[in-house]
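What follows is the residue order along each chain.
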Amino acid sequence: MPIKLRSLLGAALGAAVLACGTASAQQNVNFWYHVDNAENTKLMDELVKTFEAKNPNIKIKAENVPWNNYFDKLFISIAGGKAPDVAVTRLALQPQLLEMDAIEPITKQLAAWPGKADLANNLLEINKATNGEYYYMPLQYVAIYLYYRTDLFAKYNLKPPATCEDFLEAAKKLTLPASANGGTELYGFGMRGGKGGHDNWGPFVLSQTSFAPDALTSPKAVAANSWYIDLLRKHKVAPPSASNDGFNEIISAFKSGRTAMIFHHIGSAKGMTEALGDKVSAVPVPSCGGGRWTYFGDESTTMFKTSKVKEASWKWMSFLGESENNLKFNEATGQLTVTKSGALKVPHPARFVKATMDSLAFAKPMPLVPQTADFVSTVWPTNMQRALNGEISSAQMMDAIDKHFNAK
Amino acid sequence: MSQKSPTSMLPYVLLSPAVLATVIVVFYPMVQAVITSLYSNILWRPRAVRFIGLDNYIAIWNDPVFWASLGRTAIWIGLTVPLQLLLGLVTALLLNQTFRWRGLARSLILIPWALPSVVIGLMWSWIYNPQVGLLNDLMLRLGLLQSAVPWLANPDTSLYAIIAALVWQGFPFFAIMILAGLQNIPHSLYEAADIDGASDWQQFWHITLPSLKAVLVTAVMLRIIWVANSIDVIYVMTGGGPGYATHTLPLYALKRTYASMDFGYGSALAVSFSLLLLGAIYLYLRRVGKTIE
Numbered sequence: 001m002p003i004k005l006r007s008l009l010g011a012a013l014g015a016a017v018l019a020c021g022t023a024s025a026q027q028n029v030n031f032w033y034h035v036d037n038a039e040n041t042k043l044m045d046e047l048v049k050t051f052e053a054k055n056p057n058i059k060i061k062a063e064n065v066p067w068n069n070y071f072d073k074l075f076i077s078i079a080g081g082k083a084p085d086v087a088v089t090r091l092a093l094q095p096q097l098l099e100m101d102a103i104e105p106i107t108k109q110l111a112a113w114p115g116k117a118d119l120a121n122n123l124l125e126i127n128k129a130t131n132g133e134y135y136y137m138p139l140q141y142v143a144i145y146l147y148y149r150t151d152l153f154a155k156y157n158l159k160p161p162a163t164c165e166d167f168l169e170a171a172k173k174l175t176l177p178a179s180a181n182g183g184t185e186l187y188g189f190g191m192r193g194g195k196g197g198h199d200n201w202g203p204f205v206l207s208q209t210s211f212a213p214d215a216l217t218s219p220k221a222v223a224a225n226s227w228y229i230d231l232l233r234k235h236k237v238a239p240p241s242a243s244n245d246g247f248n249e250i251i252s253a254f255k256s257g258r259t260a261m262i263f264h265h266i267g268s269a270k271g272m273t274e275a276l277g278d279k280v281s282a283v284p285v286p287s288c289g290g291g292r293w294t295y296f297g298d299e300s301t302t303m304f305k306t307s308k309v310k311e312a313s314w315k316w317m318s319f320l321g322e323s324e325n326n327l328k329f330n331e332a333t334g335q336l337t338v339t340k341s342g343a344l345k346v347p348h349p350a351r352f353v354k355a356t357m358d359s360l361a362f363a364k365p366m367p368l369v370p371q372t373a374d375f376v377s378t379v380w381p382t383n384m385q386r387a388l389n390g391e392i393s394s395a396q397m398m399d400a401i402d403k404h405f406n407a408k
Numbered sequence: 001m002s003q004k005s006p007t008s009m010l011p012y013v014l015l016s017p018a019v020l021a022t023v024i025v026v027f028y029p030m031v032q033a034v035i036t037s038l039y040s041n042i043l044w045r046p047r048a049v050r051f052i053g054l055d056n057y058i059a060i061w062n063d064p065v066f067w068a069s070l071g072r073t074a075i076w077i078g079l080t081v082p083l084q085l086l087l088g089l090v091t092a093l094l095l096n097q098t099f100r101w102r103g104l105a106r107s108l109i110l111i112p113w114a115l116p117s118v119v120i121g122l123m124w125s126w127i128y129n130p131q132v133g134l135l136n137d138l139m140l141r142l143g144l145l146q147s148a149v150p151w152l153a154n155p156d157t158s159l160y161a162i163i164a165a166l167v168w169q170g171f172p173f174f175a176i177m178i179l180a181g182l183q184n185i186p187h188s189l190y191e192a193a194d195i196d197g198a199s200d201w202q203q204f205w206h207i208t209l210p211s212l213k214a215v216l217v218t219a220v221m222l223r224i225i226w227v228a229n230s231i232d233v234i235y236v237m238t239g240g241g242p243g244y245a246t247h248t249l250p251l252y253a254l255k256r257t258y259a260s261m262d263f264g265y266g267s268a269l270a271v272s273f274s275l276l277l278l279g280a281i282y283l284y285l286r287r288v289g290k291t292i293e
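Chains as they are written, first to last, in this note's numbering: chain A, 1 to 408; chain B, 1 to 293.
Note that these hints are calculated values from the structure, not bench results. Incorrect hints may appear among the rest.
[Claimed, not checked] Below, a sample of chain B positions facing chain A; criterion: calculated Cβ distance under 8 Å:
(1) W44
(2) Q131
(3) R141
(4) G143
(5) L152
(6) P155
(7) T157
(8) G243
(9) A259
[Stated by the list, open to error] These stretches of chain A come out as covered by chain B in the derived footprint (C-beta under 8 Å, 3 or more residues):
(10) 124-131
(11) 137-150
[What the hints assert, rightly or not] Over the 12 Å line for every Cβ pair with chain A, so calculated as not near, a few chain B residues:
(12) L79
(13) T91
(14) V132
Backbone N, C-alpha and C fix where the C-beta goes; we use that ideal spot for every residue, glycine too.
The shape of chain B in the complex, shown without the other chains (with noise of 0.2 Å):
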């Protein structure tokens, strides 16, 4: 016993920087914001605070807002990164083709997604914009509008202009990783298909995207993390507005707490929306990751 012990002590010698940097960092904030969603704490109301259970967790349960704004987070979800992997497959292969200036052209599709977040807001923004903005101008002129359109400031269109400005924004990350995913397939793969007989779809349905399975689940998995929790581009474009047009989970989350300074009720509308993300996950990785060893 005395002998084994230094080693197999070791690993968790050696692994407890990180599980202590991980306790401190995320688990110590994540229990608080839990503490801090059972009690009404109003920032500067401090002689107020007090205990008061799941009340948050009802009152969320009844607020009309938290509804809407779990749907459009769907929406947001759900049409941002299936456009996003689909405008990236298609980069990628395209891309893994042999043309003069692919490497540039691998390089330049890089841009969208090394701009800070900021940058894009404010530039979809005024590409949207319908007094001088670019887009309504050049539908103008190919006769596809009769008027400008107000695409941000108009409810039924806003939560869409942005999901288009995300797409653009995240879909070099696919086709970064679909492209080195392509480029980790046997070539000799091809040339038996080919042999074979295979038409070029057949190759792509029965090799390509079998082979990709794994980089498409993990790259996925990772998107919709970051798009449910992403909201500068929202926050710069129309920050949640008109009305509540564009309020995503995360965004109500944080103008409730930052705004309204009501830290109790915007910690459970973060806590709830921490938990239904979590379920999604789980079922995703159930459904789709048990397919992939």
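The following block holds chain A by itself, in its conformation from the complex (with noise of 0.2 Å):
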């Protein structure tokens, strides 16, 4: 009796150490992301079921941080020393995060991950830190394309564009008051002046310069961004309210039939498709003055220098990067997986992929310099709509940017 009962005190002291010792073990992984559905959220605490089923001692606490303000958010989160583990981030933001010296390079866990082999073309190349080192998991991209309505194409007898000016034709054909179109005014173009239209912007005037200092205020760069501002103020091939139109307003009056071609990427196939079935296409941007240029769109997890789990956060980066996992993440946000194994297995229709790969010869991601971020949420919507309404020239928007990135 009395060996019994120490026997059973023994094994239950042990099951309490064993139990402070994987308590202790224990270690939390916080990870930020974003979805723009928030039901989509429920794919990620599938995501997250599933890892911590294979490692029982993390625990992933993923938070969808709404996308408005989720890099003010993460900059704010790293000056107050309160970063996350891991986020997910863009290599436009890149050389500020390592200016302010907070992220956590993963060059050496990297050589030895086995999915290495598995992720696609250049990725990683792409990502690679102008010091060398890594710092970003691939994690999804997309490419900006040109979505076009088939049923009008068709009807007005019209080519998907391929040239700038195959596009201002095709923009004026498809301009229509609401007498000549069953009762609704169609716009050819839906244009996006506000935040965000850079990479509409682009495809005109970035293919036919760069960001080179005076590049930007060259005669040929200034004519480029003239003939853009002209679609609204001479052509008026796109909604007056252009100027203020942002991702909600050109996404919903293209579904309803409102605007014939608006340039975005696979993230709104899935939506497209729901609302218009095949009466919408894609083709990349058209070439314009010999140039062409779309942009790439990238999302990587990075890892911060404050987290105290890397060991954790680098499992919980690498499982992200898995083919299987990858593919149900990128379910959640609607954009391409980056790994070979996934591609073969996307679910959006062919025709979106395809205009997706087929953009990446020409695809680029904005500069990677500090001054990018503020020219993507400040300095371009403010002169560009600035430009559209009149106020300042085509020259002096070009100046204006040319100045934010090459003053001093």
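Please assemble the complex out of the two chains, which come individually in their own frames, going by the hints.
Laid out in structure tokens, this is it:
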């Protein structure tokens, strides 16, 4: 009896020690991400569950941070010393994050990671920092392409535009008063003049210039910018609200049949086909003045220096980069997977995947300099809107952008 | 002395939690903002933070966007508050009459005030939409317009369009405050005036308005402060655009701070605006507040 009691006590003590042991080894990883549709956080919860089942000592606290101030919040949390362990971020922000000395290199971990060979094309190289280290684990990517209404193009005997000139011609033909379009006013081009519209403007202007000093103010670049402004001011092929229109406005106008062409990426393909069925398709952006440029939008996970659970954080980052898991993450965001094996199983209609793939040859990220973030959020929208409303000239707008990137 | 001290200390002891909370929550951030405004402090350049004295303020003085935003802030307050007051006064006078569905009307009137600003911003931006918006549709049908107007995309109309939305949002506050004031006016005053043969207008001018004075002065002051600082509706409807057309000073400070991450300049803008607002409220109370006891 006493022996039994003793062994029971021993077992209980052992269990308690074990419990304490696991409790102290338990690691919490704070993870920030964003999805456009809050419904899709369920998919993320499933991913977390799968991961935690495989790694019982690690708890993932995944937080869906609203997109509108995702990066403000991230930067402030870093400055306040409260950064998450891992967050989804973009290449364009890497220079600022490095300047803040906020992120942790993962070069060694990547070299030893078996999943590396499955990563598509040169995604890792694109994400490599100027100091030669890797900080970003690719998560998903998109390229801006042109959505167009196949039925309207067929009706007016038009081909999807391959050049600027084709684009203008199609936009003119597809700008119709309500009386000529079954009671709904139609505009050829759903121009995005508000925040985020730099990737609509890029194919027309950045195809003919670059961000190098004085390149933006060259006569060719200024003329390209005037051409873009004229789409609204002279040819009136965009809705009069264009200078204020953002993502929601251009998407809803296109879906409701009020515009015939818009620029966006595969992230909206699902919603487009739900609304318009096979009346919508996509092609790469037109080439202008002999050049071609479209926006390469990337998202990666990165680890913060302040993290106290770096090993667990890396496990989570690499988990999200594996074929099946990555596909599931992309299902939540609607963007494209980064693995070769996953690309074969992408759920999007083939025409949108093809338009994205065909765009990769000339798709480029925004310049990898600290000024880019402010260019996107403030400098471009403010100057574009003023130019679209005739407050400043095309040259003044290009001059302001050149100064922003190349002052001092 | 030793006998007196417990009672003389008591008020301070009782007040100290409130004072302490104010010091921590309000005073400390204020001092911090003033200090930050004296630095060149761009959030993503933590190694380049340095003391620059009044340079941010000198830059503000030479910043055309600051002056334009200040002008728009004056229009913003100068139109919104009086229009809300006027609409609120008329509504309160109507709601003070006896009629059948008065209780229901009094609760319905509160709806705009109770709605979150983001909802109001989104709702009104769709109302103003040139392609699918209600306002253009109505005006086109009534023949008031020849073609749809992009109210929010046109720099000449955008600020006024937002002001209209904000007037709609804020007038119930005045209506309810004034209604409460109206119910405190003794009925005997009106009876006496009736006997003396005063017209409705004379009764309003000589009894109602003077009796409401204290309520109006306080309500207007509160509204000036709230409207001046209110940026949520603008942010949702235009984000300050097109261009700078709907930038008010607090919005400009917010954008410089959080979009451009320039905390030094943004703080200097916020401090400058707070001082200007403080000055305006001081003048207002000196001129208007003096007349009430």
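Hint numbers the structure violates, sorted upward?
Violated hints (numbers, rising): 3, 4, 7, 10, 11, 14; every other hint is consistent with the structure.
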